[in-house]
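K.L.:
Add chain R to chain A, keeping to what the hints say.
There are 2 protein chains.
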Amino acid sequence: MILSIVGDSKSGKTTIVTKLVPVLKSKGLKVAVVKHTHGFEIDKEGKDSWKIYHSGADVVLSSKDKLALIKRQSYEDFNEIYNRYLKEYDIIITEGFNDAGKDRIVVLNSKNNLGRYQKGKIIAIVSDFPIDGYTYFKKSELDELIKFILDYLNVG
Amino acid sequence: MILSIVGDSKSGKTTIVTKLVPVLKSKGLKVAVVKHTHGFEIDKEGKDSWKIYHSGADVVLSSKDKLALIKRQSYEDFNEIYNRYLKEYDIIITEGFNDAGKDRIVVLNSKNNLGRYQKGKIIAIVSDFPIDGYTYFKKSELDELIKFILDYLNVG
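Heads up: the sequence lines are chains A and R, in that order. Residue numbering for the first sequence follows the numbering used here, beginning at 1 and increasing consecutively. Residue numbering for the second sequence follows the numbering used here, beginning at 1 and increasing consecutively.
Where hints are given, some of them may not hold.
Because identical chains share one entry, a pair is satisfied inside a single copy or across any pair of copies.
Derived BS3-like pairs: lysine-lysine, alpha-carbon spacing no greater than 27 angstroms straight-line [to be verified]: (1) LYS51 <-> LYS19; (2) LYS51 <-> LYS138; (3) LYS64 <-> LYS102; (4) LYS121 <-> LYS64.
Quick caveat, the hints were computed from the structure, so don't treat them as lab data.
Isolated chain A (complex conformation) (with noise of 0.2 angstroms):
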């Protein structure tokens, strides 16, 4: 089960995926999160895995209750990501990921950018302000969100 929460920048999508995230677990979910980012830092420049990252070599650091694996890639996409490394997961929310074209929560700070969207179902909107026709939550409701992806998801 995929669902993405897209929206504008800052508008809390963090925020609703981890609030969501601790309750799909406590169903007993095994569940994944993949975000888009433009660009990112994972590591602490100058310890040993950075050394090694910049040195040329994708890494893999393994311990006995965590691994992280971090490589280049050429170009994104959510499928590929998916069918290599999220086979395993009852549930994955993507954030970001417009272009993927997954059901979406859409989270919107101004209602002219809802147009971006669209390239995906919409699920419900969440914003401070209504918009016709879609199911609405604002962004204080975070509560009964949560439980209206539940019922989406046939988690609850």
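P.N.:
Below, chain R without anything else, positioned relative to chain A:
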């Protein structure tokens, strides 16, 4: 092709790895380094990706040119890591992963520790004291070591 760099803590394993990788890359090879650690925090506390991981989800970060996967695992198994994430690489260097039993360079701070690293074929030892019966490089002889490794990997 898999080569392990194993040995004592703070013996210079990462220095060897970060010197070796650019040379392998210059030969047109696709290189991954797998580093065993005793627990790590790859992300920066407070960042969105950190918050998402700590909310309970495994995390993929993706941008146009880079991907990071950070996930929980319940045990460490080199062969599983290899099969899941590393099949696309020409050369895989492990830093640590002594128990995986791969051919190895052993880097020593103390002669007495050699016995710990004999779970795979030792192709050379790096230390500041000679050890009978093994190909041997001083820590200052990195260029010679790199050349030896390239010959061993048959990519010289």
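K.L.:
Which hints from the list above does the structure break, by number from lowest to highest?
P.N.:
No numbers; nothing is violated.
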